[in-house]
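A.B. asks: This is what each chain is made of:
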Amino acid sequence: MGKTLFDKVWENHLVDKITNGPSILYIDKHLIHEVTSPQAFSGLEKRGIKVFRPDKTIATADHNVPTVDQHLPIKEALSRNQVETLTKNCKKHGIKLYGLGHKYQGIVHVIGPELGITQPGMTIVCGDSHTSTHGAFGSIAFGIGTSEVEMVLSSQCLFQNKPKTMLIEIEGDLKDGVYSKDIILYIISKITAAGGTGYFVEYAGSAIRSLSMESRMTICNMSIEMGARGGMIAPDDTTFKYLKNKKFVPKNEDFELKVREWKKLRSDPNAKYDKVLKFDASDIDPMITYGTNPGMGIKIDEEIPNNALNTSEESFSKSLKYMDIKTGEKLLGKKIDYVFIGSCTNSRIEDLRIASKIIQGKKKAENINAWVIPGSKTVEKIAIEEGIDKIFKEAGFEFRQPGCSACLAMNEDKIPKGKYCVSTSNRNFEGRQGPGSRTFLVSPATAALAAIKGVISDIRKNK
Amino acid sequence: MEKFNKLDSSIMPINIENIDTDQIIPARFLKAISREGFGDNLFRDWRYDSDDNLIKDFSFNTINNNSKILLAGRNFGCGSSREHAAWAVYDYGFRVVISSFFADIFKNNSLNNGLLVFELSQPKIDKIFEMVSKNPNLIFSVDLENQRFYSQDFLIDEFFSINEYNKTCLIKGYDNIDYILSQKNKIIDFEKKHYE
Ligand code: SF4
Numbered sequence: 001m002g003k004t005l006f007d008k009v010w011e012n013h014l015v016d017k018i019t020n021g022p023s024i025l026y027i028d029k030h031l032i033h034e035v036t037s038p039q040a041f042s043g044l045e046k047r048g049i050k051v052f053r054p055d056k057t058i059a060t061a062d063h064n065v066p067t068v069d070q071h072l073p074i075k076e077a078l079s080r081n082q083v084e085t086l087t088k089n090c091k092k093h094g095i096k097l098y099g100l101g102h103k104y105q106g107i108v109h110v111i112g113p114e115l116g117i118t119q120p121g122m123t124i125v126c127g128d129s130h131t132s133t134h135g136a137f138g139s140i141a142f143g144i145g146t147s148e149v150e151m152v153l154s155s156q157c158l159f160q161n162k163p164k165t166m167l168i169e170i171e172g173d174l175k176d177g178v179y180s181k182d183i184i185l186y187i188i189s190k191i192t193a194a195g196g197t198g199y200f201v202e203y204a205g206s207a208i209r210s211l212s213m214e215s216r217m218t219i220c221n222m223s224i225e226m227g228a229r230g231g232m233i234a235p236d237d238t239t240f241k242y243l244k245n246k247k248f249v250p251k252n253e254d255f256e257l258k259v260r261e262w263k264k265l266r267s268d269p270n271a272k273y274d275k276v277l278k279f280d281a282s283d284i285d286p287m288i289t290y291g292t293n294p295g296m297g298i299k300i301d302e303e304i305p306n307n308a309l310n311t312s313e314e315s316f317s318k319s320l321k322y323m324d325i326k327t328g329e330k331l332l333g334k335k336i337d338y339v340f341i342g343s344c345t346n347s348r349i350e351d352l353r354i355a356s357k358i359i360q361g362k363k364k365a366e367n368i369n370a371w372v373i374p375g376s377k378t379v380e381k382i383a384i385e386e387g388i389d390k391i392f393k394e395a396g397f398e399f400r401q402p403g404c405s406a407c408l409a410m411n412e413d414k415i416p417k418g419k420y421c422v423s424t425s426n427r428n429f430e431g432r433q434g435p436g437s438r439t440f441l442v443s444p445a446t447a448a449l450a451a452i453k454g455v456i457s458d459i460r461k462n463k
Numbered sequence: 464m465e466k467f468n469k470l471d472s473s474i475m476p477i478n479i480e481n482i483d484t485d486q487i488i489p490a491r492f493l494k495a496i497s498r499e500g501f502g503d504n505l506f507r508d509w510r511y512d513s514d515d516n517l518i519k520d521f522s523f524n525t526i527n528n529n530s531k532i533l534l535a536g537r538n539f540g541c542g543s544s545r546e547h548a549a550w551a552v553y554d555y556g557f558r559v560v561i562s563s564f565f566a567d568i569f570k571n572n573s574l575n576n577g578l579l580v581f582e583l584s585q586p587k588i589d590k591i592f593e594m595v596s597k598n599p600n601l602i603f604s605v606d607l608e609n610q611r612f613y614s615q616d617f618l619i620d621e622f623f624s625i626n627e628y629n630k631t632c633l634i635k636g637y638d639n640i641d642y643i644l645s646q647k648n649k650i651i652d653f654e655k656k657h658y659e
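The listed protein sequences derive, respectively, from chains A and B.
All letters in the first sequence, in the order written, are residues 1 to 463 by our numbering.
All letters in the second sequence, in the order written, are residues 464 to 659 by our numbering.
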């Protein structure tokens, strides 16, 4: 029987299997940040041990950091304490830290790929559920808890039970105005926020292969929002081209050698998956979420339904009430208050380019507060070189400094209670963007257009 | 992790079902950067009212028995996956939790943090609740080696099940990390092959 891409990478990293217990999986790259690592480091201290392979862990500060005046000391005491603790821990254990102010600092899932830390066939973990992003390169990447962070620091290994595999195939050409964010919101709306529970997903098909690396990352990033452990895409020429000349990727002949290896990373034609789903690219339109989980999504011009798959009547109506919307209503034309372009889902240079094209020469609507938070210092730098920051600023957007920001509102960037935010992030949970905030998840193009119009608008009609 | 083999103790009962991790340790106490100290806030909102006065009828405040065994209603530890819940129960002083059903992640987190959790059937659980309400000082024994749980008067004498791996870890005082550290040679061998 043939093997899936997942099987191959998994087997390449299997150190041992404990009788009547889990497998021991070797981890190639471990990413850490300020929020989920302090207890793991103090655990090591208590055991009196050092980090086993310090060169395989890379740290950055992103979750808690302010997105203005990053050169000044952090005002909020708790955030400052966490960031300082990370700095201390990294220094002590010899871990490379791209901290605040460093030219490579940024959201952990943005910097991994753009520095070439993320490579095909690797196992990559981080104490953050959107680690699935890195699967876009054909690696097994997933989020872990604090004890697991400690385990990886101490042994470069993890205990894992092998998940089931699911293939999601999308064939055909994408329609105008449809971006990768729409693809993933479409898939989640079809299979619900729990539809992938227990599975590791592989995305395939001509529509997926046609996407850039940035777009593929957006899809893999949100695998977790359908409950899947992670998602991956087989590496191909698009992947190799992206990786060539990235900082941590081997150069010249060594690169060619690597590519030869990476080319083997694909599922066998007769590979067996536990579940297979097929979708037609021509069925996908620009999408928007209306409710309080990412599975509650509709085509942007559809009416709000009267139920959602696998959602009780009670929680469905609670969700609409929270959002202050009604069944039968359309979201098109709805007045909104905030636009957030950022997060590890959509804050890469491609996202900023797409959004800036839409707003070029225009002004944001009066009623809108619009924030652009580049995913990393690298993205920020390219945006400035290309003059993209100016386009945003001239349109009345705030072009801020890199971090997670209003994706989880752990720093000061919060959407006020009751306000509507059209957001390129990945979670529309109650209070996710600030207590009482209301989130509509969309693509960067749809978000940019909403900022200009002041209302939710159809990108296909923006001629 | 501390070794666990045998334990004699009275029981602290909480006869409530579906106790979620938000009740075990409310979210507002999660901002610490260390693992210790969570026991102070275990069941915080059940032990104290909003003015920090003791809530008189909660078992923790009526029974003062230094119990190391917590007996709880069905589906203990449900809700968010926060590991802090297991840390808090342990930090308070408990070494064993018994219920008729545990949320999966809570169970894993507990066993990995030196807290023995096991299930007994609901009728047995009900019977123990009754025995404890009559005599809060009744001593129960946990014998992990033989997977046996019994009362001093032998009115309760039960076999409980536990995964072989977790049992060995508890008896030896190994958590997952101690176990993996004992496998270092295997890991180093693996690395040689993996990066050749
Ligand atoms: S941007 Fe949001 S989802 Fe991504 S790592 Fe930061 S907090 Fe997590």
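Please note that the accuracy of each hint is not assured.
[What the hints assert, rightly or not] Pairs of lysine to aspartate or glutamate, DMTMM-like flavour, derived with a Cα cap of 20 Å:
{"no.": "1", "chain 1": "A", "residue 1": "Lys56", "chain 2": "B", "residue 2": "Asp652"}
{"no.": "2", "chain 1": "A", "residue 1": "Lys46", "chain 2": "B", "residue 2": "Asp652"}
{"no.": "3", "chain 1": "B", "residue 1": "Lys655", "chain 2": "A", "residue 2": "Asp55"}
{"no.": "4", "chain 1": "A", "residue 1": "Lys275", "chain 2": "A", "residue 2": "Glu350"}
[Stated by the list, open to error] Just a sample of chain B residues kept apart from chain A, beta carbon distances all over 10 Å, derived:
{"no.": "5", "residue": "Leu601"}
{"no.": "6", "residue": "Tyr628"}
{"no.": "7", "residue": "Phe653"}
To be clear, the hints were calculated from the coordinates, so they are not data collected in a lab.
Cβ coordinates follow ideal geometry from the N, Cα and C atoms, glycine included.
A.B. asks: So which of the earlier hints does this model not fit?
C.D. replies: 2, 4, 6, 7
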